[in-house]
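Chemist: Residues per chain, in single letters:
Protein chains: 2
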Amino acid sequence: MTKGESGGVQEDQPQSKKAAKKLQKEAEKAAKKAEKQAKLASENQAGDEEDFAKDRYGILPMIQSQEKLDRVLVHVKTLTEEKADQVVWLRSRVHTSRAKGKQCFLVLRQQQFNVQGLVAVGDHVSKQMVKFAANISKESIVDVEGIVRKVDQKIESCSQQDVELHIEKIYVISAAEPRLPLQLEDAMRPEAGDEEGRATVNQDTRLDNRIIDLRTMTSQSIFRLQAGVCQLFRETLIKKEFVEVQTPKIISAASEGGANVFTVSLSISQSMKYSLKFMFRAEDSNTHRHLTEFVGLDIEMAFNYHYHEVVTEIAGTLVQIFKGLRDRHQTEIQTVCKQYPCEPFKFLEPTLRLEFPEAVAMLKEAGVEMGDEEDLSTPNEKLLGRLVKEKYDTDFYILDKYPLAVRPFYTMPDPHDPKYSNSYDMFMRGEEILSGAQRIHDPQLLTDRALQLGIDIEKIKSYIDSFRYGAPPHAGGGIGLERVTMLYLGLHNIRQTSMFPRDPKRLTP
Amino acid sequence: MTKGESGGVQEDQPQSKKAAKKLQKEAEKAAKKAEKQAKLASENQAGDEEDFAKDRYGILPMIQSQEKLDRVLVHVKTLTEEKADQVVWLRSRVHTSRAKGKQCFLVLRQQQFNVQGLVAVGDHVSKQMVKFAANISKESIVDVEGIVRKVDQKIESCSQQDVELHIEKIYVISAAEPRLPLQLEDAMRPEAGDEEGRATVNQDTRLDNRIIDLRTMTSQSIFRLQAGVCQLFRETLIKKEFVEVQTPKIISAASEGGANVFTVSLSISQSMKYSLKFMFRAEDSNTHRHLTEFVGLDIEMAFNYHYHEVVTEIAGTLVQIFKGLRDRHQTEIQTVCKQYPCEPFKFLEPTLRLEFPEAVAMLKEAGVEMGDEEDLSTPNEKLLGRLVKEKYDTDFYILDKYPLAVRPFYTMPDPHDPKYSNSYDMFMRGEEILSGAQRIHDPQLLTDRALQLGIDIEKIKSYIDSFRYGAPPHAGGGIGLERVTMLYLGLHNIRQTSMFPRDPKRLTP
Numbered sequence: 001m002t003k004g005e006s007g008g009v010q011e012d013q014p015q016s017k018k019a020a021k022k023l024q025k026e027a028e029k030a031a032k033k034a035e036k037q038a039k040l041a042s043e044n045q046a047g048d049e050e051d052f053a054k055d056r057y058g059i060l061p062m063i064q065s066q067e068k069l070d071r072v073l074v075h076v077k078t079l080t081e082e083k084a085d086q087v088v089w090l091r092s093r094v095h096t097s098r099a100k101g102k103q104c105f106l107v108l109r110q111q112q113f114n115v116q117g118l119v120a121v122g123d124h125v126s127k128q129m130v131k132f133a134a135n136i137s138k139e140s141i142v143d144v145e146g147i148v149r150k151v152d153q154k155i156e157s158c159s160q161q162d163v164e165l166h167i168e169k170i171y172v173i174s175a176a177e178p179r180l181p182l183q184l185e186d187a188m189r190p191e192a193g194d195e196e197g198r199a200t201v202n203q204d205t206r207l208d209n210r211i212i213d214l215r216t217m218t219s220q221s222i223f224r225l226q227a228g229v230c231q232l233f234r235e236t237l238i239k240k241e242f243v244e245v246q247t248p249k250i251i252s253a254a255s256e257g258g259a260n261v262f263t264v265s266l267s268i269s270q271s272m273k274y275s276l277k278f279m280f281r282a283e284d285s286n287t288h289r290h291l292t293e294f295v296g297l298d299i300e301m302a303f304n305y306h307y308h309e310v311v312t313e314i315a316g317t318l319v320q321i322f323k324g325l326r327d328r329h330q331t332e333i334q335t336v337c338k339q340y341p342c343e344p345f346k347f348l349e350p351t352l353r354l355e356f357p358e359a360v361a362m363l364k365e366a367g368v369e370m371g372d373e374e375d376l377s378t379p380n381e382k383l384l385g386r387l388v389k390e391k392y393d394t395d396f397y398i399l400d401k402y403p404l405a406v407r408p409f410y411t412m413p414d415p416h417d418p419k420y421s422n423s424y425d426m427f428m429r430g431e432e433i434l435s436g437a438q439r440i441h442d443p444q445l446l447t448d449r450a451l452q453l454g455i456d457i458e459k460i461k462s463y464i465d466s467f468r469y470g471a472p473p474h475a476g477g478g479i480g481l482e483r484v485t486m487l488y489l490g491l492h493n494i495r496q497t498s499m500f501p502r503d504p505k506r507l508t509p
Numbered sequence: 001m002t003k004g005e006s007g008g009v010q011e012d013q014p015q016s017k018k019a020a021k022k023l024q025k026e027a028e029k030a031a032k033k034a035e036k037q038a039k040l041a042s043e044n045q046a047g048d049e050e051d052f053a054k055d056r057y058g059i060l061p062m063i064q065s066q067e068k069l070d071r072v073l074v075h076v077k078t079l080t081e082e083k084a085d086q087v088v089w090l091r092s093r094v095h096t097s098r099a100k101g102k103q104c105f106l107v108l109r110q111q112q113f114n115v116q117g118l119v120a121v122g123d124h125v126s127k128q129m130v131k132f133a134a135n136i137s138k139e140s141i142v143d144v145e146g147i148v149r150k151v152d153q154k155i156e157s158c159s160q161q162d163v164e165l166h167i168e169k170i171y172v173i174s175a176a177e178p179r180l181p182l183q184l185e186d187a188m189r190p191e192a193g194d195e196e197g198r199a200t201v202n203q204d205t206r207l208d209n210r211i212i213d214l215r216t217m218t219s220q221s222i223f224r225l226q227a228g229v230c231q232l233f234r235e236t237l238i239k240k241e242f243v244e245v246q247t248p249k250i251i252s253a254a255s256e257g258g259a260n261v262f263t264v265s266l267s268i269s270q271s272m273k274y275s276l277k278f279m280f281r282a283e284d285s286n287t288h289r290h291l292t293e294f295v296g297l298d299i300e301m302a303f304n305y306h307y308h309e310v311v312t313e314i315a316g317t318l319v320q321i322f323k324g325l326r327d328r329h330q331t332e333i334q335t336v337c338k339q340y341p342c343e344p345f346k347f348l349e350p351t352l353r354l355e356f357p358e359a360v361a362m363l364k365e366a367g368v369e370m371g372d373e374e375d376l377s378t379p380n381e382k383l384l385g386r387l388v389k390e391k392y393d394t395d396f397y398i399l400d401k402y403p404l405a406v407r408p409f410y411t412m413p414d415p416h417d418p419k420y421s422n423s424y425d426m427f428m429r430g431e432e433i434l435s436g437a438q439r440i441h442d443p444q445l446l447t448d449r450a451l452q453l454g455i456d457i458e459k460i461k462s463y464i465d466s467f468r469y470g471a472p473p474h475a476g477g478g479i480g481l482e483r484v485t486m487l488y489l490g491l492h493n494i495r496q497t498s499m500f501p502r503d504p505k506r507l508t509p
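Sequences listed follow chains A and B, in order.
Using the UniProt record's numbering, the letters of the first sequence correspond one by one to residues 1 to 509.
Using the UniProt record's numbering, the letters of the second sequence correspond one by one to residues 1 to 509.
Read the hints as simulated data drawn from the structure, not as lab findings.
Computed from a prediction, not measured in an experiment: that's the story for all the values here.
Some hints here could point you the wrong way.
Intra- or inter-copy, both count: the list cannot distinguish identical chains.
Simulated pairs of lysine-lysine, PhoX-like, Cα-Cα distance not exceeding 20 Å [as the list claims (entries may be wrong)]:
(1) Lys169 <-> Lys54
(2) Lys77 <-> Lys240
(3) Lys323 <-> Lys240
(4) Lys131 <-> Lys169
(5) Lys239 <-> Lys77
Could you put together the complete structure from these sequences and hints?
Modeler: Okay, structure coming up:
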């Protein structure tokens, strides 16, 4: 940035002259409109008196980068007793406002933080100015100048409890339409158990107005925690010298099997790699835990002699994530807990590993009728989660050695019992968050298995061929990002942990 | 991992019994085959003599996680003088092999590192064993045990120059097919200027056999550096409290404009955010710098009064990336330089910012004929890059204030001259790597601009609506990951920096 604003060059260009004029006019029109609104706003409230504070409030023209201002704006979260009696500028949303005689209380919000502001008639503030402040629509963005003042009694309803802001200037930067499709207070209220029968907001209304729903302190916390999951995942693996790779999403065989296949073919080029990638699911996304589109945190790793080397790494990575969330994101966890109460997430070190036959035995003992090589249904998974929690006191465990029959063709069969396989799922609070396996690295066995399962060999030729020039034994798995966030926080619908969820019924916003 | 291998449960399940038996048989068959091969290998080379070393080499059965071995395998890169006279186990690929009388030299490779190995007839090694080693196909994966020995003369052809490995055991873990579709030495040779006229490998052959091409030290270095770009991007932004978000790829309006639109709508929910996302391009991917699919490192940020606040952040982030690459990835840079020689990447602090009219003036002075509001053609961009380099000695600069006519509808017009806009591109070595702008945050102006450009308002309704409830002024941009890697390293084709590139002619591998 070595150059200042030059203000552009004015030259006569016949083609664009007309368009330029038109735009100039529009800009002028917009400016005039803003001016008029500001004037109206002040006049409306002025009555007969001359307004001595009329330059201290108003609606500003749209910020179009007209000028560079050196003004320092502070963050709401920095407003504590240490700033008492200082004059500060602040940009924030009007969270709520409440007028009362000669004063108006505004709660000013920035992401998860809010502070109480007070506009009260006095030396700098006129009656008209209080009225103007009281009329600002909720969710509007304002610039305010004010003095930070210590309060005698903690303000329980705000994140900044020890101070309030005595506002002396207030300008609207971007006005919200007066009628909001949902109220933030409603959207943050616990759904069950509000004795006073106050309103809550249902899931569809939330998602139709996701832009506003994402502004609740609960949503802000959920997505900050989710960013934490991504960051902890990478931190842990980078420390272990894994390499991040980007794999293509456009693949020639568009089947789900095809997608899985493609990922795996990479593993021979690097011994340890991870990637954060977008997965697309063609069907079955109408449940509480499925989305048409989700984010997968993938790990693939060459091992030396036994795929448990990889299982240990993956489970260890998840444990690092759980610890990091607990240690760094307590504020977010507590905030979400207020709306969606939940027990803290429990895990063991080392991670509990059960084998499939043991799980079947536990379920049978609990009265479930099922075959030994049958996959777990969702209710059975959940029941198993409860049984494991009772017996081992953990919300996280590995289920190893799935029946070969219920896994994809590229899964390595168990060397000792071909009914089973070197594959595993991992569970959080009784729901699957990762599926993985030792992958077959021998092109002949891979071909045989594909043929046995009736797969068209031509379609997976480039996958099979990728193993012809020396391939190390390897295993891996994909962690569902939205599920980890949901289950760590004990939420009940994956749409809460996807910013703009996609399912068969939803493509917008 | 609290439980050992139980070996599975054997129960009679009528449906799967047959399949199980079949698999068992196959496994036995595979084992027998391996055994036979091993025997054959040793017999072939045995001649008449009894082989005293016959247990010290061979082809092992496929690793199916039969057993857990405590054996420690060392990394090639740790083989230095300090390990002299130690016995080590190593798993690596056979990079090259050369037999010479009673001895065989093997170069053993792991990613970017390699070491010379020697199998020589002696107390532990038989003639037959040397012959076996000499016959192992290149790219096969082997386990070797050997003694690390200091060498008198540096081994110039290997990364580990001060030691070699005197091999006493060698087992093939995964055999490569004897005929490789391309030779790694050829694939690593500088394309121009090989006086001896030795073979090089063309781009299509490389991409058809990307699995092998990715094994060259050049490729390994390119993708390690690329992972570095991602890591530095995140590190820099996380320090500044940006929040990582995941935006959906499935959007209802599938046009390129639509894709751009969608991203932007997020910015109102969080003041500073970044994401690493996959972008898809519908057309124009036949050039040296376009791909059908590429990775975008996106930044969106609310600003206070002027979009240059954002421009400064983005340029600063890129400068942090350049510095980090220079300081942390010198090995990779040097390795790529050996095959593709190139000048070190130059940049200024603060970053040079030019305005569009200045660029047009420079080009006109250099003899280019163009209109003031005309976009830059690719040749003109490159020429401008050379002119800027001459005048300012930098490979990185910002071109600010593009004509409004050549930017999308959601671009904020310049407040002082409506022919121009608050938008910018950033360039590395004369090629665009980022495009960005202040986005219009006023729903009315947004609607007007869309109508002026003949865009169907219905299709972007949810985008426009997202600005109705208070939206801060904001700006952002998208960095093309593959382009940054390509241009930082001075490479000439973007297919070299995409692991599995996709263009209109290529969907596999």
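Chemist: Against the structure shown, which of the earlier numbered hints fail to hold, in ascending order?
Modeler: none
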